[in-house]
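Visitor: Read off the chains here:
There are 2 protein chains.
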Amino acid sequence: MRTINIGLIGLGTVGMGVYDAIKDSGELISRKMGVSVAIKGVCDKDKALLDSVDPAVCPLKTTSADELISDGDIDIIVELIGGIDPAKEIILSALKNGKHVVTANKALLSGCWKEIFDTAAQNEVTVNFEASVGGAIPIIRTLRESFVANKINTIYGILNGTTNFILTEMSEKGTSFDEALSVAQEKGIAEKDPEMDISGKDSAHKLAILSLLGFGVNISNEDIYTEGIADISPEDIKNAAKWGYSVKLLAIAKSTSLGLQLRVHPTLIKSSRLLSDVKGADNAIFVRGDLVGESFLFGKGAGRKPTASSVVGDIVDIAANIATSSEGKSLPYNVNYARDKKNIKRMEEICIPCYLRFSVVDKPGVLASISSVLAENGISIASVSQEERKEGEIVPVIILTYAAEEGSMRKAIEKIDSQDYVKDKTVVIRIEE
Amino acid sequence: MRTINIGLIGLGTVGMGVYDAIKDSGELISRKMGVSVAIKGVCDKDKALLDSVDPAVCPLKTTSADELISDGDIDIIVELIGGIDPAKEIILSALKNGKHVVTANKALLSGCWKEIFDTAAQNEVTVNFEASVGGAIPIIRTLRESFVANKINTIYGILNGTTNFILTEMSEKGTSFDEALSVAQEKGIAEKDPEMDISGKDSAHKLAILSLLGFGVNISNEDIYTEGIADISPEDIKNAAKWGYSVKLLAIAKSTSLGLQLRVHPTLIKSSRLLSDVKGADNAIFVRGDLVGESFLFGKGAGRKPTASSVVGDIVDIAANIATSSEGKSLPYNVNYARDKKNIKRMEEICIPCYLRFSVVDKPGVLASISSVLAENGISIASVSQEERKEGEIVPVIILTYAAEEGSMRKAIEKIDSQDYVKDKTVVIRIEE
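Listed in order, the protein sequences are those of chains A and B. Mapping of the first sequence onto this note's numbering: position 218 corresponds to residue 218, and the numbering continues sequentially without gaps. Mapping of the second sequence onto this note's numbering: position 65 corresponds to residue 65, and the numbering continues sequentially without gaps.
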């Protein structure tokens, strides 16, 4: 049995998870697959981390990525440092050196996929990236391989565990966004600087990767309308629940005859939907294709072991290819496919039903005024609720609308917010039926 | 771009679905994967079906499987006739002729997997079988590849759409099993002879395949305790709902330190669980592994297009291997792995909580008698309900127990059922917490 050697770059949480998984499951993998995977070298700038690696498991420890990339015994470079710099140079250099690459780097892939996959194709090597989206959820392999014969119609899901944890906490305990974020940070679920997660950018990076695979169009992160969860209040979550909805940060990609919709924003979804049951830091992805119909995948979205599981799955995939003498070559997926001119619908043109919360002085004529501005802009009301009535005080008025063009909605809200009976910025949360 | 030729044997619902999918999506597949798949030949004993095939799509139509198997241009034989005979001979003969095989045949694979995979390994060809379990759900690929580094702990799910449709119908409309079965037959969801489905055997075949992949043990269908849904009444479904449970036919495989549990039976599961939301003919599978944690896959469990999607995914997988010069070789998965001596726990030894419905004459001392027989057998009561009290009439007494050994439970029920206050066979439905 030939041993396939890997070089592991980046010994953070996931990197150490991969090290442990190969150390612990190497024998299981070779029994299952008839192929042996070994860690030939590890690289990290932190010498204490290098010291924690058992030399009996991995003979080569270095602070220089080049040393692994130029090592003739190494078949696969596993990049787990994240971010663009120096990950991009490391991956490109590895590919040019004929190494296969496994990475979990969503920021890099979503931003520079073309350069990376072109380089891989030129050098006839494989780039696997299952762990870049959805942690342990096998969504990349499913879209690339299992659903290959499908015209994908819709991909959407909860792609960020941190924000889902915060929204779940707010929903179950009635806490504010800031309180829930603190809890997430205490538990290590949110980072000290949580910007990438709570702004929705992390979800947008992942959606870009899924859209590349699903729709074969040349997407960049800028093509995705992105809105985070910082403005969601426990009040809105409570109101949504009254109407049978949960509030989730959804990443949504829909292919329609009018173009592709790409958006990340807080969303009201019916509590009866499977996605609504996804709690805490879990992730879930819904895919609709012309053959498979509706498909739903749920799992751990992050964390040492779940992410390591996907990385090792990717490593073994390449190792099995090498062992069956195809030298790990894979077809240049998407480099040919994702060349289509993109026809991405402008957010302003998309029709979506909305939840609106107006903070108004409760006096006669307010609801009539709001309704008439909505009507002027072609927005139909589905339900209204104004529970407490204390003449002269500020009260919330909740309106659920039917689908309306985003541009019209913005115009209407701007006009309403300029009225003197409106005392706070109107909250708008889109609804997904 | 090299064209990979397939020979399609069996032009039933799924076979025609595969024909359509390749005809309609061939161009999409070649753009995605850089590999071209063509139907070189089709085989069916029904000449009318052969006539419905467009000669421009497929040049060779035959009633002889051998003609396709011996055709030098054909790379992959797709077997979609189902059953053991003649499917087994066709597959073995194709493998011996150096053809790769794609099949959806769960009865054959679960019964004869060793012979088939040994023959494939000897001839260095691949057998793919994603469509054999869970229709469009990519569970085979996920267990084999994505989760390869995991020690799988639990696999369970709704693996049969017909029975799930019947139970959903009974639950939503309060109809009897017989009525719900008739509806399923009218809609083409149940076959005229529904025995394989309603007896749980179809689920057991699928569970055997998943257990082979997940646990690497030498399992045969006989190792799986199997109980169908014909005895479930709408009354039990209603009672379960009162306690917050749904009734589902679950296929369950659990690896414990005391051995492997393998069982298919109607099961009460908490309505808050994702599996409980799986309605109609849909399927869903839950997998727990040491790295991935909890993972859940949902999708269409059967039907022309969803099944064809998985079959074509399998075809393209082999085609891509051939195109990258590994000649479609794959590692002899499971032939090495699934050699372990099986340590399958006897059903009698397994501890499971139960729902019990006793039909008793309502007279003093009955509950005391039932409770004391349960206590004698070491069975603890979690809840009791006896709603209507009409002295002397037959009333249902419902008891939910804590986990108790199946053997003790059977002994207790046998003793209780022999009492003269018991007027009908006691209903026992196991609970999965």
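Warning: the hint list may mix true and false statements.
Unchecked claim - Calculated cross-link-like contacts (lysine-lysine; reagent style DSBU-like; alpha-carbon spacing at most 35 Å): (1) A/Lys23 - B/Lys425; (2) B/Lys40 - A/Lys270; (3) B/Lys151 - A/Lys40; (4) B/Lys88 - A/Lys279; (5) B/Lys187 - A/Lys345; (6) A/Lys279 - B/Lys61; (7) B/Lys88 - A/Lys254; (8) A/Lys279 - B/Lys45; (9) A/Lys151 - B/Lys61; (10) B/Lys45 - A/Lys151; (11) A/Lys23 - B/Lys23; (12) B/Lys47 - A/Lys279; (13) A/Lys345 - A/Lys411; (14) B/Lys151 - A/Lys201; (15) A/Lys270 - B/Lys45; (16) B/Lys345 - A/Lys270; (17) A/Lys192 - A/Lys254; (18) A/Lys242 - B/Lys279; (19) A/Lys192 - B/Lys151; (20) B/Lys345 - A/Lys151.
Claimed, not checked - From chain B, some residues computed to sit far from chain A (all C-beta separations above 12 Å): (21) Thr63; (22) Asp85; (23) Leu297; (24) Arg410.
I should point out that these hints are in silico values taken from the structure, not numbers from a laboratory. Every residue, glycine too, gets a C-beta built ideally from N, C-alpha and C.
Visitor: Take the hints in turn and mark each one as holding or not.
Guide: To see whether the hints hold, each was checked on the structure:
Proposed proximity of A/Lys23 and B/Lys425 is contradicted: the alpha carbons are some 54 Å apart, above 35 Å. Only pairs whose Cα atoms come within 35 Å are accepted, and B/Lys40 paired with A/Lys270 is rejected, the gap being roughly 47 Å. With a C-alpha separation of about 24 Å, the suggested pairing of B/Lys151 with A/Lys40 holds against the 35 Å cut-off. With a CA separation close to 45 Å, the supplied pair B/Lys88 and A/Lys279 exceeds the 35 Å bound.
Between B/Lys187 and A/Lys345 the CA atoms are separated by roughly 39 Å; this puts the pair beyond 35 Å, and the hint is violated. Pair hint A/Lys279 plus B/Lys61 does not hold up; C-alpha atoms about 53 Å apart against a cutoff of 35 Å. Annotation: proposed proximity of B/Lys88 to A/Lys254 is violated, straight-line Cα distance about 43 Å (limit 35 Å). Taking the CA atoms of A/Lys279 and B/Lys45, the gap is near 52 Å; set against the 35 Å cutoff, the hint is violated.
In summary, the hint linking A/Lys151 to B/Lys61 is supported, as the alpha carbons are separated by about 28 Å, within the 35 Å threshold. In summary, the hint linking B/Lys45 to A/Lys151 is supported, as the alpha carbons are separated by about 32 Å, within the 35 Å threshold. Restraint check: the Cα-Cα separation between A/Lys23 and B/Lys23 comes to about 46 Å, which exceeds 35 Å; the hinted pair is violated. Under the criterion of a C-alpha separation no larger than 35 Å, the hint pairing B/Lys47 with A/Lys279 is inconsistent with the structure, at around 54 Å.
For the proposed pair A/Lys345 and A/Lys411, the alpha carbon gap of about 18 Å is at most 35 Å, so the pair holds. At most 35 Å may separate the alpha-carbon atoms for a hinted pair to count; B/Lys151 and A/Lys201 meet this at roughly 34 Å. Of the supplied pair hints, the one linking A/Lys270 and B/Lys45 is violated, its CA atoms being roughly 49 Å apart against a limit of 35 Å. A hinted pair counts as satisfied when its Cα atoms are at most 35 Å apart, and B/Lys345 with A/Lys270 does not qualify at roughly 42 Å.
For a cut-off of 35 Å, the pair hint linking A/Lys192 to A/Lys254 stands: about 33 Å separates their Cα positions. For the hint pairing A/Lys242 with B/Lys279, the CA-to-CA distance comes to about 24 Å; that is within 35 Å, so the pair holds. Among the hinted pairs, A/Lys192 with B/Lys151 is consistent with the structure: their alpha-carbon atoms are about 33 Å apart, no more than 35 Å. Distance restraint check for B/Lys345 and A/Lys151: the Cα-Cα separation of roughly 45 Å exceeds the 35 Å cut-off, and the hinted pair is therefore not satisfied.
B/Thr63, annotated as away from the interface, keeps every beta carbon of chain A farther than 12 Å; the closest lies near 27 Å. B/Asp85, annotated as away from the interface, keeps every beta carbon of chain A farther than 12 Å; the closest lies near 30 Å. In this structure B/Leu297 is not separated from chain A by more than 12 Å, as the shortest Cβ-Cβ distance comes to only about 5 Å. The claim that B/Arg410 is not at the interface with chain A holds, since no C-beta of that chain comes within 12 Å of its own (minimum 35 Å).
Comparing the model with each earlier hint shows violations of hints 1, 2, 4, 5, 6, 7, 8, 11, 12, 15, 16, 20, 23; every other hint is respected.
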